[in-house]
Amino acid sequence: MVSDGQVVAKFGNILAKHCLDQRCSMELLRAAEHTQSISSQLGIVARVKAVTGESKASSELLVSNVQNLIRAVQHVLRAAEAACVKGLEQPSADPEEEEVAAFCQQWRKNLTQHRAKEALNSDRDELGLRKTRGAKAEPTLMSLVQEQPPRSRNIPKHPRKGHTVMDRHL
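Position 12 (the sequence shown) corresponds to 12 in UniProt numbering; numbering is contiguous.
These aren't lab readings, by the way, just hints derived from the structure by calculation. Treat the hints loosely; a few may be bogus.
Only pairs whose alpha carbons sit at most 35 Å apart, straight line, appear in this in silico DSBU-like list of lysine-lysine [unchecked claim]: (1) Lys136 to Lys10; (2) Lys49 to Lys10; (3) Lys117 to Lys136; (4) Lys17 to Lys136.
Listed next, with one range per pair, are the computed distances between beta-carbon atoms [what the hints assert, rightly or not]: (5) Ser92 to Glu118: 33 to 39 Å; (6) Gly53 to Lys86: 44 to 50 Å; (7) Leu20 to Lys131: 30 to 36 Å; (8) Arg115 to Ile70: 24 to 30 Å; (9) Ala116 to Lys86: 34 to 40 Å; (10) Thr52 to Asp125: 44 to 50 Å; (11) Ala137 to Ser3: 26 to 32 Å; (12) Ser37 to Met142: 17 to 23 Å; (13) Ser143 to Gln41: 25 to 31 Å.
Cβ atoms here follow ideal geometry from the backbone N, Cα and C, with glycine treated the same way.
Kindly generate the complete structure, drawing on both the sequences and the hints.
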């Protein structure tokens with residue numbers, strides 16, 4: 001879980017570097033830094049708990065830190081969505097940056113297709129507005145991450161040459 005938080009933080013940092021909107025870039029950097037901090041804190045708490053043994057207080061602290069990390073990861077992904085919508089510059093030849101850009105482009109393509117389908121929805125109310133009740137939710141980066149098969153268990157903590165940040169997504 002700690003390493004997954006670090007991967008998301010790295011994802012956020014790469015994306016912030018290529019974001020065209022400065023405000024979105026700064027928000028993404030803040031969210032990534034916060035995620036990195038909480039991820040490190042969780043690692044420390046987990047190591048201390050492993051050494052000190054089982055106690056209700058240490059278990060509650062561990063659960064609290066996990067919940068904070070989940071919220072921080074969600075914040076990074078929401079900020080990443082905003083950055084993707086605002087636009088990204090072309091990544092350099094770095095394979096990690098290319099993979100992050102491809103991942104974001106796939107999400108944006110899914111979002112655009114979803115919005116186009118919804119715009120064609122003929123269900124209208126008495127004012128001529130599209131009915132959204134019963135409509136399928138917009139795709140999110142979180143849903144795209146969850147669709148990916150988990151591979152992080154088989155990948156070393158620090159990617160070897162040839163491995164990229166997205167090889168270890170959630």
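Do the hints match the structure? See the list:
1. Proposed proximity of Lys136 and Lys10 is supported: the alpha carbons are some 31 Å apart, at most 35 Å.
2. Only pairs whose Cα atoms come within 35 Å are accepted, and Lys49 paired with Lys10 is accepted, the gap being roughly 26 Å.
3. Note on Lys117 and Lys136: the hinted pairing holds, with a Cα-Cα distance of about 10 Å set against a maximum of 35 Å.
4. With a C-alpha separation of about 32 Å, the suggested pair Lys17 and Lys136 falls inside the 35 Å cut-off, and the hint holds.
5. Checked against the hint of 33 to 39 Å, the pair Ser92 and Glu118 passes, with Cβ atoms roughly 35 Å apart.
6. In this structure the supplied range 44 to 50 Å holds for Gly53 paired with Lys86, their Cβ-Cβ distance being about 48 Å.
7. Evaluation of the 30 to 36 Å hint for Leu20 and Lys131 yields a pass: the beta carbon distance comes to about 34 Å.
8. Here the CB-CB span from Arg115 to Ile70 is close to 27 Å, well matched to the stated 24 to 30 Å.
9. Ala116 and Lys86 have their C-beta atoms about 20 Å apart, which leaves the hinted 34 to 40 Å range violated.
10. The hinted range of 44 to 50 Å is not satisfied by Thr52 and Asp125, whose Cβ atoms lie roughly 60 Å apart.
11. Checked against the given bound of 26 to 32 Å, the beta carbons of Ala137 and Ser3, roughly 29 Å apart, stay inside it.
12. Taking the beta carbon of each, Ser37 and Met142 are about 21 Å apart, inside 17 to 23 Å as hinted.
13. Look at Ser143 against Gln41: about 27 Å separates their beta carbons, and that is inside 25 to 31 Å.
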